[in-house]
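So the protein sequences, as listed, match chains W and Y.
Take the first sequence: its position 9, counting from 1, is numbered 9 in my numbering, and each next residue is one higher.
Take the second sequence: its position 39, counting from 1, is numbered 39 in my numbering, and each next residue is one higher.
Derived by calculation from the structure, the hints in this document are not laboratory data.
Any given hint could be a false lead.
[Said to hold, decoys possible] Below, in silico cross-link-like pairs of lysine-lysine (DSSO-like), each with a Cα-Cα straight-line distance of 27 angstroms or less:
#	chain 1	residue 1	chain 2	residue 2
1	Y	K69	Y	K58
2	W	K41	W	K20
3	Y	K100	Y	K49
4	W	K20	Y	K77
5	Y	K69	Y	K22
6	W	K55	W	K20
7	Y	K100	Y	K77
8	W	K55	W	K41
9	W	K55	Y	K100
10	Y	K77	Y	K49
11	W	K66	W	K41
12	Y	K22	W	K66
13	W	K41	W	K14
14	W	K66	Y	K100
15	W	K14	W	K66
16	W	K20	W	K66
17	Y	K58	Y	K100
18	Y	K77	Y	K22
19	Y	K49	W	K66
20	Y	K100	W	K64
21	Y	K22	Y	K100
22	W	K20	Y	K69
23	Y	K22	Y	K58
24	Y	K22	W	K41
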Amino acid sequence: GAVVSQHPSWVICKSGTSVKIECRSLDFQATTMFWYRQFPKQSLMLMATSNEGSKATYEQGVEKDKFLINHASLTLSTLTVTSAHPEDSSFYICSAFATGGPYSNQPQHFGDGTRLSIL
Amino acid sequence: AQSVAQPEDQVNVAEGNPLTVKCTYSVSGNPYLFWYVQYPNRGLQFLLKYITGDNLVKGSYGFEAEFNKSQTSFHLKKPSALVSDSALYFCAVSPDSSYKLIFGSGTRLLVRP
Numbered sequence: 001g002a003v004v005s006q007h008p009s010w011v012i013c014k015s016g017t018s019v020k021i022e023c024r025s026l027d028f029q030a031t032t033m034f035w036y037r038q039f040p041k042q043s044l045m046l047m048a049t050s051n052e053g054s055k056a057t058y059e060q061g062v063e064k065d066k067f068l069i070n071h072a073s074l075t076l077s078t079l080t081v082t083s084a085h086p087e088d089s090s091f092y093i094c095s096a097f098a099t100g101g102p103y104s105n106q107p108q109h110f111g112d113g114t115r116l117s118i119l
Numbered sequence: 001a002q003s004v005a006q007p008e009d010q011v012n013v014a015e016g017n018p019l020t021v022k023c024t025y026s027v028s029g030n031p032y033l034f035w036y037v038q039y040p041n042r043g044l045q046f047l048l049k050y051i052t053g054d055n056l057v058k059g060s061y062g063f064e065a066e067f068n069k070s071q072t073s074f075h076l077k078k079p080s081a082l083v084s085d086s087a088l089y090f091c092a093v094s095p096d097s098s099y100k101l102i103f104g105s106g107t108r109l110l111v112r113p
């Protein structure tokens with residue numbers, strides 16, 4: 001079964017609203033989680049690395065004030081798209097990094113993604 | 001700059017035939033290499049990885065990949081394709097033990113009955 005839960009799976013909202021996406025590791029603690037953005041028929045683009053208890057590390061070109069990341073616990077990271085506009089519409093995927101235990105056979109466990117559509 | 005290349009946007013193969021999805025990388029040092037599969041509107045599922053050791057790595061669902069250091073390649077293979085293997089395949093590399101992944105552009109595999 002899934003070891004990383006991402007919610008919601010699909011969201012449609014009006015331009016100007018803020019949208020929060022949750023990423024939970026279900027069976028292990030994840031001190032590090034990653035947030036990706038995927039455009040249609042394209043690869044995953046790493047947006048930021050989320051570290052529990054500290055500020056996220058953003059990739060070059062990603063607006064930290066636009067994409068707020070909070071990693072307040074060892075099992076939950078959230079991505080908030082603030083004042084979303086149509087150009088923010090995309091497929092957002094999170095992953096959790098398992099440092100040890102039975103889930104460390106693969107370094108990143110991925111959520112099922114969130115399709116965000118801004119009208 | 002570190003990068004991963006998947007030269008084929010799409011690979012078409014008949015069911016029962018062998019398949020190969022190509023991947024080459026440009027990373028300094030000894031990278032960690034991965035293959036993932038993505039089904040529509042889903043996240044990525046892990047297939048296999050190469051860290052060290054035997055160059056031929058066996059993974060999930062009958063897939064395997066061969067690490068070739070001299071050619072900096074990590075091609076994904078399967079001896080007999082299934083229609084259900086049709087999906088989007090990503091090669092990824094991590095330049096170090098941080099496991100921060102750099103993804104290729106993806107290859108769509110279409111297995112026809």
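Do the hints match the structure? See the list:
1. Y/K69 to Y/K58: Holds: Y/K69 and Y/K58 sit about 17 angstroms apart, inside 27 angstroms.
2. W/K41 to W/K20: holds, 24 angstroms
3. Y/K100 to Y/K49: holds, 14 angstroms
4. W/K20 to Y/K77: violated, 39 angstroms
5. Y/K69 to Y/K22: Given pair Y/K69, Y/K22 holds - Cα atoms ~14 angstroms apart, limit 27 angstroms.
6. W/K55 to W/K20: holds, 17 angstroms
7. Y/K100 to Y/K77: holds, 24 angstroms
8. W/K55 to W/K41: Status violated; Cα separation ~31 angstroms.
9. W/K55 to Y/K100: holds, 17 angstroms
10. Y/K77 to Y/K49: It holds: about 13 angstroms lies between the C-alpha atoms, which stays within 27 angstroms.
11. W/K66 to W/K41: holds, 24 angstroms
12. Y/K22 to W/K66: violated, 36 angstroms
13. W/K41 to W/K14: holds, 24 angstroms
14. W/K66 to Y/K100: The hint holds at about 22 angstroms.
15. W/K14 to W/K66: holds, 16 angstroms
16. W/K20 to W/K66: Judged against 27 angstroms, a Cα distance of about 12 angstroms means the pair holds.
17. Y/K58 to Y/K100: Roughly 22 angstroms between the alpha carbons, so the hint for Y/K58 and Y/K100 holds.
18. Y/K77 to Y/K22: holds, 9 angstroms
19. Y/K49 to W/K66: violated, 34 angstroms
20. Y/K100 to W/K64: holds, 19 angstroms
21. Y/K22 to Y/K100: This hinted pair holds, its Cα atoms lying about 21 angstroms apart.
22. W/K20 to Y/K69: Violated, because 43 angstroms separates the two Cα atoms, which is more than 27 angstroms.
23. Y/K22 to Y/K58: holds, 16 angstroms
24. Y/K22 to W/K41: holds, 18 angstroms
Hint compliance for this structure: hints 4, 8, 12, 19, 22 are not met, and every other hint is.
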